[in-house]
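Chemist: One-letter residues, chain by chain:
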Amino acid sequence: MPSSRYKDMIKKLLSIFHDSPNSFEGQKHGEEVLMLLRHHPFTIIIKVAFFVLIGLVPIVLWIIFSALLEEHGWLNAFLFVSSIWYLVLWLGIFHSLTIYTLNAVLITDRRIIDNDLHGLFNREVSELHNNRIQDVSVHTNGLLETFLKFGDVTVQTAASEKQFIFHQVPKPEKVKDVIMQITASRHTGVKTVVQ
Amino acid sequence: MFTLEIIFNILAGLAFFIYWVIAFVILYHLSRFGIGVQPKKFAATFLFGSVVLSAAVIILFTRTDISAFLSL
Numbered sequence: 001m002p003s004s005r006y007k008d009m010i011k012k013l014l015s016i017f018h019d020s021p022n023s024f025e026g027q028k029h030g031e032e033v034l035m036l037l038r039h040h041p042f043t044i045i046i047k048v049a050f051f052v053l054i055g056l057v058p059i060v061l062w063i064i065f066s067a068l069l070e071e072h073g074w075l076n077a078f079l080f081v082s083s084i085w086y087l088v089l090w091l092g093i094f095h096s097l098t099i100y101t102l103n104a105v106l107i108t109d110r111r112i113i114d115n116d117l118h119g120l121f122n123r124e125v126s127e128l129h130n131n132r133i134q135d136v137s138v139h140t141n142g143l144l145e146t147f148l149k150f151g152d153v154t155v156q157t158a159a160s161e162k163q164f165i166f167h168q169v170p171k172p173e174k175v176k177d178v179i180m181q182i183t184a185s186r187h188t189g190v191k192t193v194v195q
Numbered sequence: 001m002f003t004l005e006i007i008f009n010i011l012a013g014l015a016f017f018i019y020w021v022i023a024f025v026i027l028y029h030l031s032r033f034g035i036g037v038q039p040k041k042f043a044a045t046f047l048f049g050s051v052v053l054s055a056a057v058i059i060l061f062t063r064t065d066i067s068a069f070l071s072l
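These protein sequence lines are chains A and B, in that order. 59 is the number that the working numbering gives to position 59 of the first sequence; each next residue is one higher, with no gaps. 36 is the number that the working numbering gives to position 36 of the second sequence; each next residue is one higher, with no gaps.
Derived by calculation from the structure, the hints in this document are not laboratory data. These numbers were taken from a predicted model, which means no experiment stands behind them. Note that CB positions come from ideal geometry on N, CA and C, so glycine has one too. Do not take every clue at face value.
[Unchecked claim] With a straight-line Cα cutoff of 27 angstroms, these simulated BS3-like cross-link-like pairs (lysine-lysine) come out:
id, chain 1, residue 1, chain 2, residue 2
1, B, Lys41, A, Lys149
2, B, Lys40, A, Lys171
3, A, Lys28, A, Lys47
4, A, Lys149, A, Lys28
5, B, Lys40, A, Lys11
6, B, Lys41, A, Lys12
7, B, Lys41, A, Lys171
8, A, Lys171, A, Lys47
9, B, Lys40, A, Lys28
10, B, Lys41, A, Lys11
11, A, Lys12, A, Lys174
12, A, Lys174, A, Lys149
13, B, Lys40, A, Lys162
14, A, Lys149, A, Lys176
15, B, Lys40, A, Lys47
16, B, Lys41, A, Lys28
17, A, Lys7, B, Lys41
18, B, Lys40, A, Lys7
[Stated by the list, open to error] Far from chain B by the CB rule (all over 10 angstroms, computed), these chain A residues:
id, residue
19, Leu53
20, Glu71
21, His139
Okay, chain B solo, but in the shape it has when bound:
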């Protein structure tokens, strides 16, 4: 059970890391290749939303009891 929990934590961390890599690529494209005001606004909105949603995911992740799933 303990090993499975570790695997679950590593997978969650990996998914989170992949999310931020893709987010970085999107932010890079919007700020590097974007012409005019619109891409900057999109980049700022995206960054703000990503930070808020990531915080929500982390808080809910710490509250989740994985053993409830594993006992199914």
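Excised from the complex, chain A in its bound form:
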């Protein structure tokens, strides 16, 4: 039946929005992603709120100058400029969301991968194997970080003096525990399970 085939196709296509696995480029066979970390949502909510505030500008201008705009026949021109304003804002919001989404840290059962996206064409990927992890520390600074439960996690590597710092990640204590577990599993052979 062609209709059921189309239904299946649409279902398959839409499935990427709910059961897309945390697979990534360069993933090794049998490598399991334990945690996918991004900055705490609070950091992006602040930015989006700023864009929403800027979005109110045409509405405020309309309330103040509506009579003047209609009198001079500039209504369509005003609406056109406003639509461009919203188009640019839409781009700004999603530029911020892209930077937020792609700045991710992956903790797998073998390594830690830190993706840093400083701009759309400025990307840095660092990798740390679990046999090089020496020390993990958590730093929570200030009222907001304490109440919203986010902070910085610092991973000290064994060979060099290089430090991996994951900024403003949610539940930093849990992240620290998972990293310590994957480090310990190297010696004990016990598989790490994230709850």
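Go by the hints and put chain B onto chain A.
Modeler: Here is chain B on its own, set in the frame of chain A:
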């Protein structure tokens, strides 16, 4: 006046083209480098919103009388 209108139309077209180039770069990044469900949802929302807003801009652009501006 006619020349100015042409320049205005070309500028509007150019701005629109630049918008879609940047939009493509954002969509490419979200679908190529995004891990998990969230980037796909963002990409779909962004594409939908961009199409709707672009349609609104085009409709309002055709309704705008540029000579009203130029006569200022």
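Chemist: Would you mind marking each hint as holding or not holding in the structure?
Modeler: Here is what the structure says about each hint:
1. B/Lys41 x A/Lys149: holds, 26 angstroms
2. B/Lys40 x A/Lys171: Between lysine 40 of chain B and lysine 171 of chain A the Cα gap is close to 24 angstroms, so the pair holds against 27 angstroms.
3. A/Lys28 x A/Lys47: violated, 36 angstroms
4. A/Lys149 x A/Lys28: Violated - the C-alpha atoms of lysine 28 of chain A and lysine 149 of chain A are around 32 angstroms apart, more than 27 angstroms.
5. B/Lys40 x A/Lys11: Holds. Lysine 40 of chain B to lysine 11 of chain A sits at ~15 angstroms (cutoff 27 angstroms).
6. B/Lys41 x A/Lys12: The given pair, whose Cα atoms are some 15 angstroms apart, holds under the 27 angstroms limit.
7. B/Lys41 x A/Lys171: holds, 24 angstroms
8. A/Lys171 x A/Lys47: Satisfied, since the Cα-Cα distance of roughly 21 angstroms is no more than 27 angstroms.
9. B/Lys40 x A/Lys28: holds, 23 angstroms
10. B/Lys41 x A/Lys11: Holds - the C-alpha atoms of lysine 11 of chain A and lysine 41 of chain B are around 15 angstroms apart, at most 27 angstroms.
11. A/Lys12 x A/Lys174: violated, 34 angstroms
12. A/Lys174 x A/Lys149: Given pair lysine 174 of chain A, lysine 149 of chain A holds - Cα atoms ~11 angstroms apart, limit 27 angstroms.
13. B/Lys40 x A/Lys162: violated, 33 angstroms
14. A/Lys149 x A/Lys176: Holds, at about 13 angstroms.
15. B/Lys40 x A/Lys47: holds, 20 angstroms
16. B/Lys41 x A/Lys28: Between lysine 41 of chain B and lysine 28 of chain A the Cα gap is close to 26 angstroms, so the pair holds against 27 angstroms.
17. A/Lys7 x B/Lys41: holds, 20 angstroms
18. B/Lys40 x A/Lys7: holds, 21 angstroms
19. Leu53: Correct as stated: the minimum Cβ-Cβ distance to chain B is 18 angstroms, above 10 angstroms.
20. Glu71: The assertion about glutamate 71 of chain A holds, with a minimum of 12 angstroms to chain B.
21. His139: For histidine 139 of chain A, whose nearest Cβ neighbour in chain B is about 25 angstroms away, the distance exceeds 10 angstroms, so it holds.
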